[in-house]
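As they're listed, the protein sequences go chains W, Z and B. Using this note's numbering, read the first sequence as starting at 17 and increasing by one per residue. Using this note's numbering, read the second sequence as starting at 9 and increasing by one per residue. Using this note's numbering, read the third sequence as starting at 1337 and increasing by one per residue.
Note that these hints are calculated values from the structure, not bench results. Ideal Cβ positions, reconstructed from N, Cα and C, are used throughout, including at glycine. Mixed in with the good hints, there may be bad ones.
Some chain B residues judged to face chain Z by a derived CB distance under 10 Å, without partners named [what the hints assert, rightly or not]:
1. N1416
2. K1486
3. K1527
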Amino acid sequence: MNILQHKLSSGFVACIAIIVCYISFTRQPTDAYLFPRVISVFFLGLALWTFIKALLGLSKVGNGLSLTMFKNMFPGILISSIYLFIAAKSLGFYTATTIAFFLLLISYDPAPHTNLNSWTKRIIITACFIAIMYTLFAKILVVYTPRGMFI
Amino acid sequence: MDFIFYFGEVFTLTSMLLLIGGTIGGLIMGATPGLSPTMTVALLIPFTFNMTPVHGLILLGAAYTSTVAGGAVSAILLKIPGAPANIATTLDGNAMARKGEGAKALQLSFISSLIGGIFGVFLLIFLTPVLAKMANSFGYSHTFWLAIIGVTVIGSLEAGSVVKGLLSGCIGMWLATIGFDDIQGVKRFVFHPALGGGVNIIPALIGLFAIPQVITMFAKGRFQTDIKQITVKKHPISQAFREVFSRKRALAIGTSIGSVIGLIPGVGGQIAGLLAYDQAKKFSPEKAKFGTGHSEGVIAAESANNAMVGPSLVPLLTLSIPGSPTAAVLLGGLIIHGIFPGPTLFQDYPEVIWPFINSMLIGQILMCIFGIYIASLAARVAQVPQFIMAAIVLGLAAFGSFAVQQSMGDVYVMVVLGTMMYFLERFGFSAAPLVLGLILGPIAESNFVTGSLISTAQNGPFIYFFTGGLNIVLVSIVILSVGFSIWSEITAKRQET
Amino acid sequence: MKKIIAALAISLIGISGAVKAEYPERPVLLMIPYGAGGATDFQARIATIPAGNDDMLGMPVAIINKPGAGGRVGWNWFANDAEKDGYTMGGYNVPHFIAQSIKGGVDYSTDSFEPIANWGSDPAVFVVGKDSNFNSMEDVVAFAKSNPGKLTFSGAGLFVGHHIAALQIEKAAGVKMLYIPNKSGGAGAMKAVISGEVLAGVNNLSDAFRAQKAGTIKILGVADLERNAFLPDVPTMMEQGLDVDNTSVNFRGVMVPKGTPQAVIDKLAAVVPEMFKHKRVAQKMKAGGSPMKIMNRAEVLDMWAKRQTTLEDLLKGL
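So here's chain W without its partners, still in its complex pose (with noise of 0.2 Å):
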């Protein structure tokens, strides 16, 4: 198993690197690809070497990835996606952070969702890094963050 993701995960970096490589040696104007072309080389010469070790089976280093992982990392990964890549923009920065936060909260939080206490706590947890993240980022330094419906 770990075996075969080393290949994997050798074999995509040296995708990009041959992709990198074709990329810097055929591109024009050649003086501006010069030190690409000097660095997709080592580039390449790396990653086929880290990938042979791999296709022999010598990796070692890493502990790889299991199915347990992807399943407990899917709703963070998520969540984390669309507050990112979607609601920053079209809710608002400050109110996307808002509900994203409180929903990581919610999917990660050991304590039982039946206790009343554990929804309070969570809800002054977000109040707070939203008010900290205001006035230090609003306020203060006077970041304009995106606006969309909501600030």
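Model the placement of chains Z and B on the given structure of chain W, informed by the hints.
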């Protein structure tokens, strides 16, 4: 010894209030991921418009020194370097925090910052004319070799495989070429419009360090997030002082490397910490302890970071050339008040410049005092339940990377890079060499391209890059550094078998 | 200090939306496509100091920097992504963005932006190190004639004001020199001259004025139609027999993206030039060695159009 006569100006009520405010504010800003020293100083400039030049500069000086030191707080507690300068601090500092020694790590980092910082400012006071000459002798070829020396550090950062470390460095260098080429103005590797501005260093830094931690926490699942309860160990401050002074080697290496690197325009403090860490590791009899929460790692990195602050102002104050992005912002702050830095600055405006430099001395001490106080509170961060930490880190990463240039593109780059880094880390790649490549790539590229262009008008690239005293010294350092890494790799393997 | 607190307080009310007033009801952004601390950046910061005054915008202007590739990164963002509601203004540098749009590979041209007003004009000057043997443009041209391609001279980048001046000088003198674009802009180009990495350089008048005062360089000529008030002793290129006009003069000002409501443009076009004329702005600009030239919207539109044609001619052969 002129500077002593101008301490009076620093000890007035307004100046002290500004110093204290600037220091505390700077520590908080520095500790927030995304708010780098450059950005903090730039944000403060408008506030100095309505102050006298002396007061304005005291505020900026205090903020500069304390943001550099404040970056260590998030590096140690959250494993997110506040600025590129603090990358080396994450390596051992965060390992200490995970063992419950967060308070100790923070105390060590602030005390070494104080010592390095004071040394750097004294260099600025006493040796400015000599240092100015040194800074000025660095040309394109020398800066190029310095960047290459930086790359050789990778061998020391990597706990696992050196090949994967170098490969990570290559990925970083490639990522740095994305976006507009700075000299020709040609778009390279722009696969998506969000990449049009390139991969900016601060959002990338946040993504590469913060996001993998967030996902690691997610991957543990709902009911396992609280398994590892860390007990925070109290650490008496007197012991921290004793510890720092007993690590003389690390302290000396950090302070001297930081001061020299700080001088060199264009490289600045970004790699001072990493170079010092590398050397401290190479010269230490306890090499194996590095990366596992060893105090020498924190001391070398943080003394180097603050030692670079004083010398980094030398090219600015004497030649009017900003040596680092932060110095460039300070230059703007000086010019707005009609003060032109140059060789005669210290004669023309002693009543402004000496209080400014003195305030950096006093600022270092205040920074250490407040920093140690923060350390006693902040070490508890390690006790915050992991699911809350993950949500906070994600939020901070989003705000921090947006705030750098107020751009959503940076947020996308941050989260995509970070997610990829999580998966790569599971297979033995690591973030520190990748970021190093990202920082050094553009320095190496632009100096190489410009240097070879100039060499066509002289005797060709070989003579330009390989002859002359300084070039030979730098090339020998590269060869020695690579040789040493290979040699220690071989001896380590022999000991294993 | 009090004024800033007041401005902040007003802006806070504006943000929270308690008062629904006419434009602007919250702080306005000004995007500068160069790094913080550079000439364009600090001049923009000075020029917008009075923005918070009640008779000006009544709201502070916040500067954000989007540096990269001689301004291309910032202007591309401004043309593609900036909100067209009047709360995002941008700084322009002519001839830079016009030359870049003619050269191609960017998403903007003069048609993508609506100028508001101009605050400064910074001519390019020809500089050499303080120990250089060159004492006039004549020396430079003589050296370049006998050593074609050997005279290295630095500038801030390709297709920026310095490069335009460089092209014009080469064309006027009929010589071939080696232009060295610098990644870190004008400051880096100046450093190369001071440390002797290059034999000469083209740089901003404001920065060169400062460096000359510091005694690190000599200024040989100004690429403008007449001598500059900051450097009354330095002759123009024309005076030294080189047919170089004011095409390379770096005009700095404020614009908004095309598509911004006409009412907002009108309001800004009326207020912003007045803001630039403010006493404090003039005083701080003078202290910083930055030549001012205030132009209103109509004048800037005219200037853009003229530059467009001259630059198209100049860059045709490249």
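query = Per the CB criterion, is B:K1527 less than 10 Å away from chain Z?
reply = Hint on B:K1527: holds, closest Cβ of chain Z at ~5 Å, below 10 Å.
query = How about B:K1486: closest beta carbon in chain Z under 10 Å, or not?
reply = Given a least distance of 5 Å, the restraint on B:K1486 holds.
request  = Identify whether the interface hint at B:N1416 stands, where standing means a beta carbon of chain Z within less than 10 Å of its own.
outcome  = Result: holds, 7 Å to nearest chain Z Cβ.
Comparing the model with each earlier hint shows no violations; every hint is respected.
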